[in-house]
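Please put together the full structure from these sequences, using the hints given.
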Amino acid sequence: DVVLTQTPVSLLISLGGQASISCRSSQSLVHSNGNTYLHWYLQKPGQSPQLLIYQVSNRFSGIPDRFSGSGSGTDFTLKISRVEPEDLGVYYCLQRTHNPYTFGAGTKLELK
Amino acid sequence: QIQLVQSGPELKKPGESLKISCKASGYTFTDYAMQWVKQAPGKGLQYMGWINTQTGKPTYADDFKERFVFSLETSASTAYLQINNLKNEDTATYFCARGTTPAYWGQGTLVTVSS
Numbered sequence: 041d042v043v044l045t046q047t048p049v050s051l052l053i054s055l056g057g058q059a060s061i062s063c064r065s066s067q068s069l070v071h072s073n074g075n076t077y078l079h080w081y082l083q084k085p086g087q088s089p090q091l092l093i094y095q096v097s098n099r100f101s102g103i104p105d106r107f108s109g110s111g112s113g114t115d116f117t118l119k120i121s122r123v124e125p126e127d128l129g130v131y132y133c134l135q136r137t138h139n140p141y142t143f144g145a146g147t148k149l150e151l152k
Numbered sequence: 470q471i472q473l474v475q476s477g478p479e480l481k482k483p484g485e486s487l488k489i490s491c492k493a494s495g496y497t498f499t500d501y502a503m504q505w506v507k508q509a510p511g512k513g514l515q516y517m518g519w520i521n522t523q524t525g526k527p528t529y530a531d532d533f534k535e536r537f538v539f540s541l542e543t544s545a546s547t548a549y550l551q552i553n554n555l556k557n558e559d560t561a562t563y564f565c566a567r568g569t570t571p572a573y574w575g576q577g578t579l580v581t582v583s584s
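Here the protein sequences come in this chain order: U and S. For the numbering used here, count along the first sequence from 1 and bump the result up by 40. For the numbering used here, count along the second sequence from 1 and bump the result up by 469.
Bear in mind the hints are in silico, worked out from the structure with no lab data behind them. Since no wrong hints were added, every one of them can be taken at face value.
Think about it this way: if two alpha-carbon atoms lie no more than 27 Å apart in a straight line, the pair counts; the simulated BS3-like pairs of lysine-lysine are: (1) S/K512 with U/K152; (2) S/K556 with S/K526; (3) S/K492 with S/K534; (4) S/K534 with S/K481; (5) S/K492 with U/K84; (6) S/K534 with S/K488; (7) U/K148 with S/K512; (8) S/K512 with U/K84; (9) S/K488 with S/K512; (10) U/K119 with S/K512; (11) U/K119 with U/K84.
Spelled out as structure tokens, the structure:
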């Protein structure tokens, strides 16, 4: 199975600051159809995960442009600029290029 | 609006079985696959597998091939997760999520297995 390694495990950020989360894959996430199925989720305390970014860099409906995704092949990054209180929680990357899907272990974003 | 509403919390003893429901609304049920995800207390997300809502064919991740069953009641736009011969390590919140890119999630069902 594909292993997704997220770093850091936790992140202390000041309000208004910028956060960067890395997700590295044990194998390329480029599908045979040319698409790269790497997605990012935020799980706020006590809630279900919510989709932020799909296919590396596409913001899901209603997601502010403070969230951006980038990367290719095996290395991917989620950036959150101008961090707000509602951004706190655990961020997960998910790959669906290879079966079975796999999640990263998560990165907890906390306020400094 | 698109909604996935899951059944309520369950308290079971080891060896018992349970069935969790996930009722979809706001879209055509058979247009999207349904995924299942496990989250043990204080832990991350673990992918369990998915069910093709057009054919009813389930696909399970390796850790969930033995005691777990995905099923459908298409006429009721509902997906089910059945867990047989419950074990303590099945204590978790279980989520259903719509689509090959899971964009909409149920609220989660907390399952507690304890003697």
